[in-house]
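Student: Taken in order, these protein sequences are the chains called H and V. Numbering follows the working numbering, in which position 161 of the first sequence is assigned residue number 161; successive positions increment by one, without gaps. Take any residue in the second sequence, count from 1 to its spot, add 1000: that is its number in the working numbering.
Fair warning: there could be bad hints in the mix.
What the hints assert, rightly or not - EDC-like cross-link-like pairs, simulated, lysine to aspartate or glutamate; straight-line CA separation at most 16 Å:
no.: 1; chain 1: V; residue 1: Lys1295; chain 2: V; residue 2: Asp1551
no.: 2; chain 1: H; residue 1: Lys15; chain 2: V; residue 2: Asp1108
no.: 3; chain 1: V; residue 1: Lys1446; chain 2: V; residue 2: Glu1422
no.: 4; chain 1: V; residue 1: Lys1678; chain 2: V; residue 2: Asp1703
no.: 5; chain 1: V; residue 1: Lys1251; chain 2: V; residue 2: Glu1311
no.: 6; chain 1: H; residue 1: Lys15; chain 2: V; residue 2: Glu1422
As the list claims (entries may be wrong) - Computed list of chain V residues with no C-beta within reach of chain H, every gap over 12 Å:
no.: 7; residue: Trp1058
no.: 8; residue: Tyr1072
no.: 9; residue: Ser1082
no.: 10; residue: Leu1656
Derived from the structure by calculation, the hints contain no laboratory data. Please read all numbers here as calculations on a predicted model, not as lab measurements. Note that beta-carbon positions come from the ideal geometry of N, C-alpha and C, so glycine has one too.
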Amino acid sequence: MSRRGKSDGFLRLTKVGLWFLIFLAVVVVAATNTGNNGLFLVLAVMVGALAISHLLAAGNVRGLALAAAASGEVFANRPAGLAVEVTNRGWLPRWLLVLTVDPQDIEPAGGGQRRSSPFLVPYLDRREAVRENVELTLLRRGRRHIRRLHVTSLFPLGFFRRGRRYPVDAEVLVYPQILEESSDAPEQLAQAGQQPTRRAGWGHELFGLRTYRHGDDPRSIHWKQSARTGALIFKERETEENRNLLIVLDNAVGDLDEEGAGLFERLVSQAATAALDYLERGYEVALQTREGILAHAAGPRQRHAILETLALIEPHEKTAVPIPVPGGVAHLRLAMESEPALGMTA
Amino acid sequence: MKYGREKRQMLAWLALLAPLPLPFSKTLEWPVLFVYALLLVYFLQRVERGQTMVLPNWGLNLLGLIYLPFLYVDLLASLNRSRAVTALLHLIMFLIVVKLYSLRREKDKWHLLVASFFLFLGGMATSTHLTVGFYLIAFMVLSFLVLARFAYLHMLAARPRRAAREGQAAQWEGLESSRAVPYRLPLVAGSCLIVAIAIPTFATLPRLREPLILGPGTGSSLIRTTGFSDSVDLSLTTAIRSNREVVLRLKYSDAARRSGDDLRFKGATYDRYDANRWHRMLQHSTMLSPEIDEKGRVYRLFSETPVATAEIFRARMSSSSLMLPIEAVSVAIDNPSLSVDLGGAVYLPGMPLDTIRYEARLASGPRVRARLARLDSGEVSPLTALDQSGVSDRMRQLAREVMGQGSDEERIARLERHLLTEFTYTLDFVGRDGEHPLEDFLFVHKSGHCEYFASSMVLMLRAESIPARLVTGFMGAEYNPLEGYFMVRQGNAHAWVEAFTPGRGWQIYDPTPPEGRPTVPERDLTQLMSQLYDYLTFRWDRYVLTYGAADQQDFFDKARQRFSEIWQALTGWASPDEAETPSAAQGGVEAADDSVIREPELWLNRVPLALAASLFLAVLAGLVVWHRRRPFSAEVAYRQLRRRLAGAGLTVTDSLAPLQVQELAAERYPSAGPPARKLVALYLRESFAEETLDAGDYAGLKDHLRTLGEAMKREDRARKRGRRRPAIRKTG
Chain H
1 MSRRGKSDGF LRLTKVGLWF LIFLAVVVVA ATNTGNNGLF LVLAVMVGAL AISHLLAAGN
61 VRGLALAAAA SGEVFANRPA GLAVEVTNRG WLPRWLLVLT VDPQDIEPAG GGQRRSSPFL
121 VPYLDRREAV RENVELTLLR RGRRHIRRLH VTSLFPLGFF RRGRRYPVDA EVLVYPQILE
181 ESSDAPEQLA QAGQQPTRRA GWGHELFGLR TYRHGDDPRS IHWKQSARTG ALIFKERETE
241 ENRNLLIVLD NAVGDLDEEG AGLFERLVSQ AATAALDYLE RGYEVALQTR EGILAHAAGP
301 RQRHAILETL ALIEPHEKTA VPIPVPGGVA HLRLAMESEP ALGMTA
Chain V
1001 MKYGREKRQM LAWLALLAPL PLPFSKTLEW PVLFVYALLL VYFLQRVERG QTMVLPNWGL
1061 NLLGLIYLPF LYVDLLASLN RSRAVTALLH LIMFLIVVKL YSLRREKDKW HLLVASFFLF
1121 LGGMATSTHL TVGFYLIAFM VLSFLVLARF AYLHMLAARP RRAAREGQAA QWEGLESSRA
1181 VPYRLPLVAG SCLIVAIAIP TFATLPRLRE PLILGPGTGS SLIRTTGFSD SVDLSLTTAI
1241 RSNREVVLRL KYSDAARRSG DDLRFKGATY DRYDANRWHR MLQHSTMLSP EIDEKGRVYR
1301 LFSETPVATA EIFRARMSSS SLMLPIEAVS VAIDNPSLSV DLGGAVYLPG MPLDTIRYEA
1361 RLASGPRVRA RLARLDSGEV SPLTALDQSG VSDRMRQLAR EVMGQGSDEE RIARLERHLL
1421 TEFTYTLDFV GRDGEHPLED FLFVHKSGHC EYFASSMVLM LRAESIPARL VTGFMGAEYN
1481 PLEGYFMVRQ GNAHAWVEAF TPGRGWQIYD PTPPEGRPTV PERDLTQLMS QLYDYLTFRW
1541 DRYVLTYGAA DQQDFFDKAR QRFSEIWQAL TGWASPDEAE TPSAAQGGVE AADDSVIREP
1601 ELWLNRVPLA LAASLFLAVL AGLVVWHRRR PFSAEVAYRQ LRRRLAGAGL TVTDSLAPLQ
1661 VQELAAERYP SAGPPARKLV ALYLRESFAE ETLDAGDYAG LKDHLRTLGE AMKREDRARK
1721 RGRRRPAIRK TG
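I would like the entire structure built from these sequences, with the hints used as guidance.
Tutor: Spelled out as structure tokens, the structure:
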């Protein structure tokens, strides 16, 4: 039922189309056997309808220009938005376009991606463009390239599902999967420290006011001052001692079989979940792996840095030496051989 | 079923349209269609009101059980009438009605579509009238619309479950509530393209059998023809003179040299007049033996070489007579046998069931192939052209007085002149019911129609021992420049005389005064419309209903020839076809002198082409205008609101601000206030807040405009009624 040629177009006969063909065959037999020209007329119109349906469907998915980019953060195994802009470059409008992302068009292959939810553009006038989010679920973390987008249509009569693949080449960085289970570690850590240190950070005491910079948490905007001055004013808070956490992810796991790879992915997800959890609660979070360390920091930039590191982390050569942790630092150790352990070095 | 209301409506409309031609072709009874339509209209009304009560399963089963005995009786009755298809159609209609009232699942709608399609097939297979073409187009357009909307609704129904969570909900909801997807362009263009593809497809689809025509369609139905049966009375002309039905269409190879007024076609000859009726003596007919030439069977009436041909299309008539021009010397027809009566009129062994096509080969002048039994056998037979039945003494005496002495030719001419000059033509026979109509004609009223003139002359010639016969046929033909053929209508029926003289043989005489002979009407708009209708009917009959393998061969030959011409024009190379001469193509018949073509006809022959070109240009212009139309927007809706208020007599100046406009509307029409406010709010959002309205907003705009219009009308009506109502006076 499917035809794939050298071009990027494809054609599938729908159930309605199949039934139409069956009735066409019935009319062929009836007309030929009886010689009734009334039936020949019906037959001619049916052939015309089939041909026109085919031609209009082919023209309907041609002459489009598509662009795509990830909109917002993309986490593994969680629906995310892919902002897609469709422009009709043809001189006729387009009808009933459905945009989807096929797993085959996502590289590297084998990531176990799910087909995206369809996005319907019911009508696109000539030279018109629409921008909408296509819902997409990517199962594995890492850097993914969406090479092509599928545009399909049942237009005009629903006999054929006519489609075309358009190159978009959008890069999506997929962060590790965020686990649902909650952590009680913050409560344990809360018993320690929390003294103001006269450094800007994520404590409770006010450190000072400054103009808002891109990347700052909008929740800390001082609205009254902003209204007075006419510019966005940001409330900086003092950082507090011990309100920080080092996540130690030991990625020296060597070559892994399928089960081991699954466990490693879970380990990375735990690290990402913990990092987000603590960052949300105002902690400064650091991340140490075999490749290096991301120093303690809070805020969206740190969140992005940690998630990017975790998204791209690969298994390291196996070694018996554990990752050393500096003294007096609250840390969460994550390793394959052991359960996650929260502790404080001397 | 999702989006049920719209689907129900579309299916019901399609089902309503599907059986429309069936009663016209007598395949379905009118009362059945009436009941069916009534049930469907009621269903549509319920859907319109939003009543979606569905027939339960037990109800369906019960109805099925109740219908079973009806089906059995219906089948028996239909089989008795050899129309089993009628019972089948009843069953399909029953299924459609029941299914419509019990629409529940998605696939039910496809069942309904299939059932409607079979009704449509039945209608197409059994209808022959030209208008069935319009029915086909209407059904095609409606089906296009239904399938397109189903495809759209199918895509909407496939909305992702997570859409609501991920913020696509608004988009999908907007699509559901809106009917704003503009489908007019694909509908119109798609339908036109389907027709454009269907025409050559129809022409080239291989035909393995002869064309079959089922059912009596009104257009090509049997034409009740009087005047050519075994016996005729004298009332034929009165009955048919005003009949405009076309019975013959003729394409002469030398049409340019012929005048429609002079054409005469022989249908039947009558020898015996008895009890005021003419009788045909078919038992003395001769069966003709065919010769085979390149055109098939050819029946030769005379051994003379023809100089022209006439391609004749004879409509279905209640007669077996083969109408031939009086110049015919042979006839080429695909029929196994032909007979010729004593007077030389040719007839078929049976009454043809549809339009027949044959070719008459013509001499330069009239030829009468008639036999005279007296001359062959040496004795006067009462069955021959000297039969004295019906000849009274008074007639004999009048004939003697009028014809006088001299040669037979002179005496016949005197009698003909006498009738032409001393008698008048009339179709008014009120109060004439005498036992001897011909005597009354000759001695009392001295007026009558062609049959009276011809019959009187025949009897008076016989009284003077001159063999004569009554001949019936057609005289005069109307030239149809749209197709380039002559049309003979029922009203062209005529009667004349053939008389024998030893010197000149059988000759034609026509004693009817010129004012009483069938004439060709002057060209006017009515005639042009009539010719256009006939042209379309002829084309429909010729190129649709009776289109067969031979026509296909002809079509391909013409296409090949046209291609050769184009090729030759482009390259300058002559194709082998060029060597073929026209005379060779016409099978030995002399080529017509096509150089003598009347100028207006040349122009009129281009009329179909000009019409097609104009239509094409009009469609093209329409498409351009449609494309360049102003897109519907809140601004357009706001301008419509202003126009409506101005049209209602309110002063809407250019300086009136939008909010003032809405207040003006609300003040004059309180119930129109809310939609006016909503419409103006959308206009302000679009024009001043520079917001982009979504599909739901556009649908809302149309709704507001409609509600506003209805409210204005309602209040205007109420105001008028209030004015008419008399004031109630308080007393006491």
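Student: Could you run down the list of hints and mark each one as holding or not?
Tutor: Okay, the hints, checked on the actual structure:
For the hint linking V:Lys1295 to V:Asp1551, the alpha-carbon distance of about 14 Å falls within 16 Å, and the restraint holds. In summary, the hint linking H:Lys15 to V:Asp1108 is supported, as the alpha carbons are separated by about 15 Å, within the 16 Å threshold. The hinted pair formed by V:Lys1446 and V:Glu1422 meets the criterion: a straight-line CA distance of about 8 Å does not exceed 16 Å. Restraint check: the Cα-Cα separation between V:Lys1678 and V:Asp1703 comes to about 10 Å, which is no more than 16 Å; the hinted pair holds.
As the CA atoms of V:Lys1251 and V:Glu1311 are separated by approximately 5 Å, the hinted pair is consistent with the 16 Å bound. Taking the CA atoms of H:Lys15 and V:Glu1422, the gap is about 82 Å. The hint is violated against a cut of 16 Å. Residue placement check: V:Trp1058 keeps its beta carbon more than 12 Å from all beta carbons of chain H (closest about 30 Å). Under the 12 Å C-beta cut-off, the non-interface status given to V:Tyr1072 relative to chain H holds; the minimum distance is some 26 Å.
V:Ser1082, annotated as away from the interface, keeps every beta carbon of chain H farther than 12 Å; the closest lies near 16 Å. Against chain H, the non-interface label of V:Leu1656 holds: every CB pair exceeds 12 Å, the least being about 32 Å.
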